[in-house]
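Given the coordinates of chain A, assemble chains B, C, D and E onto it according to the supplied hints.
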Amino acid sequence: MDFPYLTTVIFLPVVAVVIIALLPQPKPKVIKFISALFTLAAFALSLVVFYLFDRSPGAIGQMQFVEKVPWISAINAFYHLGVDGLSLSLVVLTTLLGFLAVLVSWKIELRPREYFIWLLILETSLLGVFCSLDLVLFFLFWEVELVPMYFLISIWGTGRREYSAIKYVVYTLIGSALMLGGILVIYFTTGSLNMLELADLAPMTAVIPFAGIFFLLLFAFAVKLPVIPLHTWLPDAHTDAPTAVSVILAGVLLKMGGYGMIRLCVTIFPNVAVTCAPLLVILAVVNVLYGAAVTLRQKDLKRLIAYSSISHMGYVLLGIFALSQVSLVGATLQMFSHGIITGLLFALVGLVYDKSHERNLDRLGGLARQMPVIAVVFSVGGLAALGLPSTSGFAAEFITFVGCFTSTVVEGIRLYTILGVLGVVITAGYILWMLQRVFYSEPLEKFNGVPDADNVEKLCIFSFVAAIMAIGLYPAILTDVIRLGIMPIIKLIGS
Amino acid sequence: MSVSLEHYLILSALLFCIGLYGALSRRNTIVILMSIEIMLNAVNVALVAFSRYIVPLVLTGQVFALFVMVVAAAEVAVGLAIIIALYRSRETVDVEQADLMKG
Amino acid sequence: MSLKLELLTPELSLLIFALLVILLDLGIKQKKVLAGVSILGLLVSGGFVLTLWGRESASAFNGMFLVDPFALFFKLLFLIAAGLVILASQDYVSKFARFQGEYYALILISAIGMMLLATTGELISIYIALELSSISLYILTGFLKDPKSSEAGLKYLLLGAVASATLLYGMALVFGLTGKTRLTEIAQAIQTIPLTTLLDSPALLLGIILLACGFGFKIACVPFQMWVPDVYEGAPTPITAYLSVASKAAGFAVIARFFYTTFGVPDWLSLNWGILFASLSAITMTLGNVIAIAQTNIKRMLGYSSIAQAGYLMVGLAAVGVASMADTLGRSGLLFFLASYTLTNLGAFIAIIAISNKIDSDLIDDYTGMGSRAPLLALGLTLCLISLIGLPPTAGLIAKIYIFNAGVHYGLLWLVVIGVINSCISAYYYLGVVKVMWLGAPVSEEKVPSSWALRIVLALTCLGVLVLGIIPGKFVQIAETAVRIFTS
Amino acid sequence: MTVLDIVFWLLAVISIGAALAVVFLQNIFRAALFLVLCFFAVAGLFITLQADFLAVAQVLIYVGAISILIILAIMLTREMWRGNPGGRFQLPAFIIALGLFGVMVWAVINTSWQISAELPLVPTTAAIGSRLFGEGGLLLPLEIAAVLLLAAILGAIVLVREK
Amino acid sequence: MPHQVPWLIWLSPMFSFIIISLILRPFFNHHPKLSGYTTIAAIGISCFLSFWVLIEVLKAPGHRLEIPDIQWVVIEDGISIHLGLIVDALTAVMLIVVSVVSLLIQIYSQGYMHGDPGYPRYYAFMSLFTGFMLGLVMADNLVFLFLFWEGVGLCSYLLIGFWFHRPAAANAAKKAFIVTRLGDFGFLAAILFLFYHTGTFDIERLHSLAIAGTLAGTTLTWAALGIFSGAAGKSAQFPLHTWLPDAMEGPTPVSALIHAATMVAAGVFLVARFFPLFEHSKVALTIVAVIGAFTAIFAASMGLVMNDIKRVVAYSTISQLGYMMLGLGVSGVAVGIFHLFNHAFFKALLFLGAGSVNHATGTFDIREMGGLRRVMPWTYITFIIAALSLAGIYPLSGFWSKDEILIYSFKTQPFLFTLALITVFMTAFYIFRVVFVVFGGEYRGTKLAHHSEHKLHESPAVMVIPMVILAFFSAVSGWLNLTGNFGEFLGHGEARGLLEGFFGILGKPLPWLSLIVAGLGIYLAYAMYSTRRISPEAVGRTFVPLYTTLSRKYWFDELYERIFVGKTLVNGLFVGLEAFDTYAVDGSVNGIADKTIATGRALSRVQTGQLQLYGLFIAMGIVAITICFYFFG
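For the record, the sequence lines run as chains A, B, C, D and E. Position one of the first sequence corresponds to residue 1 (my numbering), numbered consecutively onward. Position one of the second sequence corresponds to residue 1 (my numbering), numbered consecutively onward. Position one of the third sequence corresponds to residue 1 (my numbering), numbered consecutively onward. Position one of the fourth sequence corresponds to residue 1 (my numbering), numbered consecutively onward. Position one of the fifth sequence corresponds to residue 1 (my numbering), numbered consecutively onward.
In isolation and in its complexed conformation, chain A is listed as follows:
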């Protein structure tokens, strides 16, 4: 076995945690630098992995950078890591946002040591989820994320942070609880926990019907994604979380849901997925339209962005359960794209709030004069969110739409796709309305002297913009890789 790339990527943040924990009385600056350094290293290494990733046709359906060590032999569980196109894109997303989240947190002054420790652990858990090929390992990483999230929201959050934190935890726990049930049933039906071996499970007698297992798993992912009506933790958690956590939450955590749906629900139970797809597609459209409609009513800037995520993740759901190759590629790209776009938006909301101490849209206004850089970047982010071509938002949504519309698997998918497309118009509505309320019209006197972004912040938000534009202008960077991961899954559906 060569260099354990994935293990290194996953545990680099933990190394930083150990260092930070062991330093006696470290200065906040030191902590921040260590965190930044290690997350950057993880990002760099993930880029190396991305670069080394074999894109040749022979690599289709192959997990790469596989590491497999026996772990709990009694239940046949392995420390089994590996990436394919699907997970690789999300790994890169996670390391990128992990690094940027550290930058976003540069101004943290309250208990910085704990804060960065939790943030780094969070990153590790997310990376672990995307790299695990063993169900128990997957579940373990899946659950690890809860603890840091709880602390991060409830200590460093704002507003009703404790309520939001516990709500988030309980919601996720219920989901993962059912997922655990599903995983166990799978294990006992097949005796295997290996995600690769489980692909396209041949019909066999299980304790409960396959559809039951499918929905047990799906529920967990639906909570994360989130799918209406399991979504109400999201606005609360996003709104009350500290900025960097909102970034990660919206940027990566929601993707765990989409990833899980593709990796487990669709891959293991393709036939059930096909049967249930019509229902889920309808839910997806509801997500898109309902989410957008409710977004339009929000008065709190952060809450607005949060609700917009619900709408945007609807496209992911739509793409996944349209069950065509293109739609799945689109959905994955949409996950990536939404990650950086919403990440950026939350980072910017954080900046606006830090500087103006105001998040209520009714009391904001005219900030474009006082913070031009933020205004410009916010506009770019907003436009990307509404799917303007040349941004990643468009590439992702467009590919998703094309995939859905041409899907032959689901009955009536075209109508639903068109309805989904309609969501784009509402999106434009709330994004532009928001931009107008925050930045346009006459500058308000109370915001005089409010500073614009400083250099660290600029570095951070410009990185986001660069990523958005890069993917938008040339999505093939990712789609070529994602496709490799999606193709074998689609073959399952065909069969």
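Please keep in mind that the hints were generated in silico from the structure rather than gathered at the bench. Don't be surprised by glycine CBs; every beta carbon is placed ideally from N, CA and C. One or more hints might be untrue.
Said to hold, decoys possible - Pulled from the structure, derived: some chain B residues nowhere near chain D, Cβ distances all over 12 Å:
#1 27
#2 100
#3 103
What the hints assert, rightly or not - Label pairs and their calculated CB-CB ranges:
#4 33(E) <-> 474(A): 33 to 41 Å
#5 168(E) <-> 474(A): 35 to 43 Å
#6 23(A) <-> 68(E): 38 to 46 Å
#7 94(C) <-> 6(B): 44 to 52 Å
#8 219(E) <-> 480(A): 49 to 57 Å
#9 469(A) <-> 30(E): 47 to 55 Å
Showing chains B, C, D and E alone in chain A's frame:
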């Protein structure tokens, strides 16, 4: 009708239930303890009866009953000790007043 | 008849040390020595257990005293628990300075009782061993002799006596049906009785129910759980820890062995009590968790939590019942869960002992700001609570996966789903404590000191919790080995 | 109806009556005395069951030790004047006890007991001795019982002595 | 010709945008002029190359050049989206229009935007827009086209909202974007629909499929209508017309370039680009014609009563775009595009004129103007030329293309012809109303004190010269088709001699009819606003309901914004959904949580501390379990 195992068992059950009723309905802790002793005696009746009717040649049941007596003695000793300790601190042996902890 | 003394060495050595402690207490001024001697006794006993580990299973006293990996596993567990409790008592014993010797001796004696409980295979011995451990614990519960402690002792004793009387009646019925007292013989005798359902022999049915009730009292399952919160609250905190961990484990040990050996065949019989435990399990965990939410006293809260945990453990028990004879999963799950739970709960109690001792309160609200007043203790407690919820990277998660594994395997998916949803509910109140400790502003800036002994114990338990959570492979294997004897 | 039967019925009535008296008598001291009576009756029942050694042990342990202990405790706690009042759960306790009794009777009657036709061993003392100490005997519980008594004594001392 | 050159046409302004935004704006902000020069240079290059391309296309067989593609993204095995350029006659014409008008307007803007703090931003956006617009006309597949399509929409948004601190501008920008996006929704749907049926995004491939009849029937109709919906949004056709008048909140050169000459015409271009599809669907084509004709008269009617000079011109633009649609609908690419071509010049000129007037007076309200012919002769003359061209007066450019539309519609759709003819009258009236009010009579400006201190003055040369050039084009651009060359170039035309073309038309009755109608319009305007023989106030009073209806724009804004978006959606349906979300969904979750906690409290009250109760539970448990077994065991 000749006396049989069932008779002893029903007697035992009756004694057991009287003991139980006493343990659950009396307020005086010492009476409760006495009721529990009745319950243990009831069990002994059953044990000895079983010994007599089921395995008359092996005296396991009787030995069992013997051990029960020992345990009963120990239980009573400790129980009374605790009651006295409680009495010292609370000046009562009324079980209904022992409700410092609840909820 | 050969006594095979070497098989008895763990219990005997411990007994000797218990006596030694009592004797030393008479003459020695430096009471710390007593704790040392007790620990030494536990170590010696543990050493003997380890020498027996890996040998062929053997028995003494005509098969009444069984030395198999299952028993050894539990013996080790009790020894570890007793050791940790004694170490954790270091900051606590000042409250009853006069009786330290008796205190340690009783802990050792009750440990002996529990060890015997796990190791005996005969009705009378089981009964006496049960009483031995119980009576020692009644005494320890009332040890403080303040109103709360005495009240707790009284409640525990009276209810315990009623429960043991019912247990005894159950034993009597089983004895009456079979004429035997050794479990294996009973099992054989039952198979000769021509039965197709339990209703054919109501006495057997009643016997099983009464036994379940008597043992259920020990493990605190619904509806035999109501003593738990009151006793936990009133008892000296180290004893609460001991009760919640060792006593419960002993209960599970004896139930697993008793029911499995005695009522393991025929299958329908096994299924019957399997379903019984499954139903009780569902009610137990739900009730425990739901009521725990309402608690304001941390010991009471942990009391209800331990009821809930018993509920999870009973999933394993139910799986043992529902399972066919050939499989070990339910029992090994039970064992692993118990090991994990023991460490975790002890860890939590150790932290609580340290904190309550200083702030002189068990109210959760008084834990406000502990994160800054006693960061290490708070961290340890947090970790243990997280493990109790069943979140990674702690033992709790693996244990839950493992035990639910068994449940799912034997078609108890409904129970597992109830179980996992219960863990979600439990997050609410466990995290409530965490929240108070880390989020609230401290009432005072005063640090909460703790002795080195306590810190080390806490660190050890936390380490154990983490190790079991991250690399559980080895320990799962041990659990698997420990139950294999049943299959042969 | 044999003599044995008559004795049984007599003892049964006495024991039940005494037990009821224990529970219901308001004078707690008298209740204790009726407990002694009950124990005697049970000892008599043991004799009807050919358990002569046990009967003696019953008298010694229960009547001689336990009852005295209880009476001592009654004196110590000076609670005589309060009597033996009923608690708040009398009715439910009665119903439950009745229910349990019903269940038990149902179980006893509906079970086909494998009655052995052999005659019991008499006298039992030697047999009990060999059952305890002999080959295949119950030595283990005996040893545990010793420890149990030790623990109980220890506990009683600790609990009763002043702080 | 090297293949890369056409790419440079649209990339050159893009580079300009990047240079301005990444280098000039951050580092050379104290030299704002640099950005103007950069833009002008970049667009100059584009303009130059456009002419080159035109020449190449003219020379090329079949009037088209082959440009190699760049693979953008592979979406499925064998199916990939390419970025490629289509360079044919239509492209060439559009390139000329866009680059020339844009270049002139950039030059003009140096004067108009002088001293504005957002000067570099203005030029950055303008570059960006020009780049997108040039790309739009060249894109060879739907995705690429859509990219540019949205890109110009974005620039329109940014430039309308250029003075974002004015709430009206911000609102207008938002409105423009959303309304056009509504149209784009149809366009996007059509793209998906076409791809679903054909598996390709390639425009030429779609053409050939339509021509071959593979793509036909309802499929084709629906696709065409989807495309038209996009076109209608961009070109502000009824019922998506409401955004364009509001878009006048942007700087005037922006209105000239984007909202008159180029972007709004992109809708017309789009229909032209997909004309083979429309051609094969009678229904679609008819709908295009009807919508076009209706929009023409509908917008013109509102133009009659507006008092804001830019709004008059804006409604005129909508009306003229309707004309172009009508042209496409009744006759084909050549006619519609020919009008687009001519319109670009005179309409841009009208806007620049309006800008020039505004530069002098500081207002757009024609009631505040008057008598400007004396102080602003250049503006006056050029404006008159543009107005005459718009009114379709022989031999100015507008005449030629409008006449063709009238002729064709007369042949095929007599009813639409009637509408078009009435529109001619209105057009002439409203534009000359402006001319007479603004330039005739005496100066009436009172409001703007700071302007009255200065003398009114002619605009600087940098503004006037582009106007003059445009005036030249406005006058003569129509002559390009005298010989039928232009039409033939676009694939649809009959050759004739130059003189025959120029004078021969006067021999036919229809042109005379339109000339007379236009003349009447001008005369009426003259009578009402110059000589005051007819009192406009009296007319207004006579037709109060009509006047109100027109000046309130048929209440379409109210209908859309207040009733539909406001009352029905945002404050209606969405409120309901939000309430549902808060109270039903979240409420039930919180309710369950609260219930659980309350249950916990209640149950913990059972724990009374009475140990006998606990004992009761034990005994009860035994009985209950036995009973359960009895009944269920």
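*Which numbered hints fail*: 1, 6, 7, 8, 9
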